[in-house]
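Engineer: Chain by chain, the residues run as shown.
2 protein chains.
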Amino acid sequence: QDTEYREKARARLEQLTMPHWALGDLMDLAVDLAGITRSLKPPVKRKRVVVMAGDHGVTAEGVSRYPSEVTAQMVYNFVNGGAGINALARQAGAEVTVVDMGTAADLDDLVKAGKIIARKIGNGTQNMAHGPAMTRTHAVMAVEAGIEVANQLAPETDVFGTGDMGIGNTTPSTAIVAAMTGAPVAEVTGRGTGLDDDQLQQKIQVVERALKINRPDPSDGIDVLSKVGGFEIGGIAGLIIGAAAHRKPVLVDGFISTAGALIAYALEPFVRDFIICAHRSVEQGHRAMHERLGLRPLMDLNMRLGEGTGAALAMNLVEAAVAVLTEVATFEEAGVTGTPVE
Amino acid sequence: QDTEYREKARARLEQLTMPHWALGDLMDLAVDLAGITRSLKPPVKRKRVVVMAGDHGVTAEGVSRYPSEVTAQMVYNFVNGGAGINALARQAGAEVTVVDMGTAADLDDLVKAGKIIARKIGNGTQNMAHGPAMTRTHAVMAVEAGIEVANQLAPETDVFGTGDMGIGNTTPSTAIVAAMTGAPVAEVTGRGTGLDDDQLQQKIQVVERALKINRPDPSDGIDVLSKVGGFEIGGIAGLIIGAAAHRKPVLVDGFISTAGALIAYALEPFVRDFIICAHRSVEQGHRAMHERLGLRPLMDLNMRLGEGTGAALAMNLVEAAVAVLTEVATFEEAGVTGTPVE
Numbered sequence: 004q005d006t007e008y009r010e011k012a013r014a015r016l017e018q019l020t021m022p023h024w025a026l027g028d029l030m031d032l033a034v035d036l037a038g039i040t041r042s043l044k045p046p047v048k049r050k051r052v053v054v055m056a057g058d059h060g061v062t063a064e065g066v067s068r069y070p071s072e073v074t075a076q077m078v079y080n081f082v083n084g085g086a087g088i089n090a091l092a093r094q095a096g097a098e099v100t101v102v103d104m105g106t107a108a109d110l111d112d113l114v115k116a117g118k119i120i121a122r123k124i125g126n127g128t129q130n131m132a133h134g135p136a137m138t139r140t141h142a143v144m145a146v147e148a149g150i151e152v153a154n155q156l157a158p159e160t161d162v163f164g165t166g167d168m169g170i171g172n173t174t175p176s177t178a179i180v181a182a183m184t185g186a187p188v189a190e191v192t193g194r195g196t197g198l199d200d201d202q203l204q205q206k207i208q209v210v211e212r213a214l215k216i217n218r219p220d221p222s223d224g225i226d227v228l229s230k231v232g233g234f235e236i237g238g239i240a241g242l243i244i245g246a247a248a249h250r251k252p253v254l255v256d257g258f259i260s261t262a263g264a265l266i267a268y269a270l271e272p273f274v275r276d277f278i279i280c281a282h283r284s285v286e287q288g289h290r291a292m293h294e295r296l297g298l299r300p301l302m303d304l305n306m307r308l309g310e311g312t313g314a315a316l317a318m319n320l321v322e323a324a325v326a327v328l329t330e331v332a333t334f335e336e337a338g339v340t341g342t343p344v345e
Numbered sequence: 004q005d006t007e008y009r010e011k012a013r014a015r016l017e018q019l020t021m022p023h024w025a026l027g028d029l030m031d032l033a034v035d036l037a038g039i040t041r042s043l044k045p046p047v048k049r050k051r052v053v054v055m056a057g058d059h060g061v062t063a064e065g066v067s068r069y070p071s072e073v074t075a076q077m078v079y080n081f082v083n084g085g086a087g088i089n090a091l092a093r094q095a096g097a098e099v100t101v102v103d104m105g106t107a108a109d110l111d112d113l114v115k116a117g118k119i120i121a122r123k124i125g126n127g128t129q130n131m132a133h134g135p136a137m138t139r140t141h142a143v144m145a146v147e148a149g150i151e152v153a154n155q156l157a158p159e160t161d162v163f164g165t166g167d168m169g170i171g172n173t174t175p176s177t178a179i180v181a182a183m184t185g186a187p188v189a190e191v192t193g194r195g196t197g198l199d200d201d202q203l204q205q206k207i208q209v210v211e212r213a214l215k216i217n218r219p220d221p222s223d224g225i226d227v228l229s230k231v232g233g234f235e236i237g238g239i240a241g242l243i244i245g246a247a248a249h250r251k252p253v254l255v256d257g258f259i260s261t262a263g264a265l266i267a268y269a270l271e272p273f274v275r276d277f278i279i280c281a282h283r284s285v286e287q288g289h290r291a292m293h294e295r296l297g298l299r300p301l302m303d304l305n306m307r308l309g310e311g312t313g314a315a316l317a318m319n320l321v322e323a324a325v326a327v328l329t330e331v332a333t334f335e336e337a338g339v340t341g342t343p344v345e
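For the record, the sequence lines run as chains P and W.
Reminder that position 2 of the first sequence reads as 5 in our numbering, one-by-one numbering, no gaps.
Reminder that position 183 of the second sequence reads as 186 in our numbering, one-by-one numbering, no gaps.
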């Protein structure tokens with residue numbers, strides 16, 4: 004972030020007609036946005052949530068309550084405007100862009116109709132409980148594809164949001180946070196779409212096995228991604244790197260998106276300055292991810308949907324922060340007595 | 004709230020193309036809105052924050068860092084669109100209506116120009132550290148004025164938000180929460196606009212003295228309001244009662260607004276069903292207020308401005324909740340496999 008613009012923003016915010024820093028987190032966010040965009044009028048009008056979709060071989064281990072077909076079915080739902088992310092993006096005035104990073108389905112009809120972006124690295128990952136989820140080459144390709152999507156969309160986007168769709172993808176995300184932070188798997192494994200106690204134990208064992216077999220190197224983001232990641236997670240990591248390279252704020256959504264952020268941060272630590280954590284999800288290991296990044300999420304609404312829904316909601320807060328910075332009068336401008344009583 | 008509409012909303016939300024209740028608090032809010040408005044398409048388009056202004060005799064005790072003149076100066080700031088609430092209301096697409104409930108200033112020019120609503124009960128309250136803040140008659144008049152404002156605005160308002168302006172008004176609000184909950188004064192007294200340690204001790208002593216001298220009866224909302232309240236706090240209580248009587252959702256803002264909600268709840272317990280707590284503020288005693296109401300705030304953004312700023316922000320969440328209820332497809336509608344894997 005640009006220190007000069009952070010300071011300029013802070014100086015203005017301290018003069019606004021209100022007690023010092025009385026809008027708390029919104030004011031911190033306004034300073035970040037000024038530092039990110041190098042502007043005292045950070046552009047935030049053109050908002051976009053990019054939903055990265057991919058399938059997961061590890062679903063063969065019974066780690067999700069829903070079948071893999073649902074990934075592609077939900078892509079159609081996104082395109083038809085009927086999913087949670089569509090409703091929340093509309094409310095926030097954001098566009099939704101769907102990218103096929105690696106679903107197991109043939110989505111050529113949607114690609115040809117210009118409804119989704121095709122960046123398919125493979126027809127779903129391999130089962131990480133038996134070996135690497137993907138080759139190292141595929142991991143690099145996934146991240147590069149995300150960067151290219153950011154490059155493509157940057158000219159028409161002021162604020163990015165990340166989103167994901169992929170049945171089974173809390174399992175690789177759990178493996179990523181465990182690998183990156185060293186936290187015990189049981190501590191960072193959650194119920195995903197709604198596992199019961201037995202299924203949760205099974206999921207913990209699957210993640211432990213995947214880590215034991217693959218031994219991902221936490222200092223190497225590509226190694227972690229290739230061994231226990233997913234195509235859409237790599238795409239999210241790339242999108243974050245690309246957005247940051249364009250000095251655009253990127254709202255990181257829930258558990259899967261933040262797993263992508265951990266990969267991006269391992270590859271390019273500078274991205275941290277451009278990330279805004281939208282919310283804390285119900286998913287158990289999300290807190291450990293935020294701690295690893297050293298970033299505090301804006302909201303906690305007991306959500307656990309993914310798709311970018313938290314990012315879309317938080318776009319209202321980004322707009323609000325900019326409104327505070329740009330529209331509120333200073334004590335001097337408004338003729339309000341700003342000096343406290345002696 | 005209407006049980007039948009709550010159930011209908013719940014039934015629809017359980018069929019949406021997402022894991023069960025995956026949008027958490029937004030879905031709870033959607034159920035509340037359906038129950039409040041008796042509709043599966045709760046109207047929320049016309050949003051309005053009502054900012055109640057009043058002055059406080061207790062400022063003579065040195066409980067605020069700002070002089071009382073700032074109350075009226077800020078009313079001009081609201082009218083000119085330069086305050087925090089103006090910026091956040093614009094972001095949320097909400098109107099701002101300012102009511103002079105009892106400022107110490109002559110605001111006739113704004114009244115004649117139709118810029119504010121005149122409901123002045125008095126030129127500021129008496130100093131509650133020496134006796135009742137107002138007469139019982141004035142307390143009744145303040146609440147009635149708030150109800151009448153709600154009646155006047157209801158035909159053109161779908162969602163109300165409460166707001167306040169009044170230098171010194173965290174002090175009566177602290178006295179109200181202490182009186183209503185029995186909590187020790189030191190536990191519920193905060194720094195308001197930014198008191199230092201000595202000033203905080205002074206404020207605690209002032210509140211303790213006001214409670215000792217006046218002995219408000221916690222079972223009698225009018226008694227509490229008259230002895231240790233404020234004109235704008237009475238107006239907020241009345242606005243909440245009026246909004247609830249019209250079956251309109253009312254977003255209650257921060258510490259002062261929630262003090263008004265405590266008075267409203269003491270007078271008419273049914274209002275609780277129509278209240279949505281927007282956020283938890285930094286002010287120390289806010290949590291005890293929410294516990295007393297048995298309601299959980301939607302956000303916690305370390306804000307402490309008042310003016311209705313938290314209510315304005317939360318209007319985005321109200322819109323989002325309605326979007327989820329009305330715009331997201333069900334599994335059947337979208338052709339998505341909704342039944343978990345066996």
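Since the hints were derived computationally from the structure, they do not count as laboratory data.
Don't take each hint at face value.
Pairs involving identical chains hold if they fit within one copy or between any two copies, as the list cannot separate such chains.
[Claimed, not checked] Taking lysine to aspartate or glutamate and the DMTMM-like style, the derived pairs with C-alpha atoms no more than 25 angstroms apart in a straight line are:
| # | residue 1 | residue 2 |
| --- | --- | --- |
| 1 | Lys-44 | Glu-147 |
| 2 | Lys-11 | Asp-109 |
| 3 | Lys-118 | Glu-330 |
| 4 | Lys-215 | Asp-5 |
| 5 | Lys-118 | Glu-271 |
| 6 | Lys-118 | Glu-335 |
Engineer: Hint by hint, say whether it matches the structure.
Structural biologist: Tested hints:
1. Lys-44 with Glu-147: neither (31 angstroms within a copy, 43 angstroms between copies)
2. Lys-11 with Asp-109: Result: close neither inside a copy nor across copies, 51 angstroms intra and 37 angstroms inter.
3. Lys-118 with Glu-330: Cα proximity of Lys-118 and Glu-330: across copies only (20 angstroms, versus 37 angstroms in one copy).
4. Lys-215 with Asp-5: Result: close neither inside a copy nor across copies, 42 angstroms intra and 54 angstroms inter.
5. Lys-118 with Glu-271: neither (31 angstroms within a copy, 53 angstroms between copies)
6. Lys-118 with Glu-335: Intra 51 angstroms, inter 22 angstroms, cutoff 25 angstroms: inter-copy only.
The earlier numbered hints that this structure contradicts are 1, 2, 4 and 5.
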